[in-house]
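**Q** Sequences and hints are given; from them, build the entire structure.
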Amino acid sequence: MYLGPSLRREFLDETMLLSFPSFSKIKSNYTKILKNRNKLLKDISLGKSQISDLAFWDDAFCKISVEYYSHRLKFIDFVKAYISSISSILENKYQIEFIYETKVNLDNISDSISSYLSKNQQRDIMLGHTYI
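The sequence shown begins at 9 in my numbering and counts up one residue at a time.
Derived Cβ-Cβ restraints for the label pairs, each shown as a range:
| # | residue 1 | residue 2 | range |
| --- | --- | --- | --- |
| 1 | S95 | S126 | 40 to 48 angstroms |
| 2 | N37 | N116 | 18 to 26 angstroms |
| 3 | F86 | Q58 | 41 to 49 angstroms |
Straight-line Cα separation of at most 30 angstroms, DSS-like style, residue types lysine-lysine; simulated pairs:
| # | residue 1 | residue 2 |
| --- | --- | --- |
| 4 | K56 | K71 |
| 5 | K71 | K50 |
| 6 | K40 | K56 |
| 7 | K111 | K50 |
| 8 | K35 | K88 |
| 9 | K82 | K35 |
| 10 | K127 | K33 |
| 11 | K56 | K35 |
| 12 | K33 | K111 |
| 13 | K40 | K50 |
| 14 | K43 | K82 |
| 15 | K111 | K40 |
| 16 | K82 | K111 |
| 17 | K43 | K56 |
| 18 | K82 | K71 |
| 19 | K88 | K101 |
| 20 | K82 | K33 |
| 21 | K127 | K56 |
| 22 | K82 | K127 |
| 23 | K82 | K101 |
| 24 | K47 | K71 |
| 25 | K111 | K35 |
| 26 | K71 | K111 |
| 27 | K71 | K127 |
Keep in mind the hints are simulated off the structure, nothing from the lab. In this text, a Cβ means the ideal position worked out from N, Cα and C, and glycines have one as well.
**A** Next comes the structure, spelled out in structure tokens:
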């Protein structure tokens, strides 16, 4: 799929919502936490809040990210299995691949996200937005 990264993520998320009803609540919580973190980032840049207030939202974001990425991995495993069966039907005449690339260390999602947020904290404050 040759769409931009945000469109690919959106497509993946919409497909996951159809495949896993439990993902709906996770996606909703993820979005709420991200909105709250972004509001706090803007407030910090305006001097209305303290940087120390970010710890709560960073922790919440790391926790929900583990659930979020776990569902993505579950979905990716499902897609890869399905692609494998399609290849068999096509008598392996065509090679079909599904590759999921992310900057997140999928073996340790929480630490990977936490490290990324910490590393980019000043940029996020300056821009008033979480870029992940």
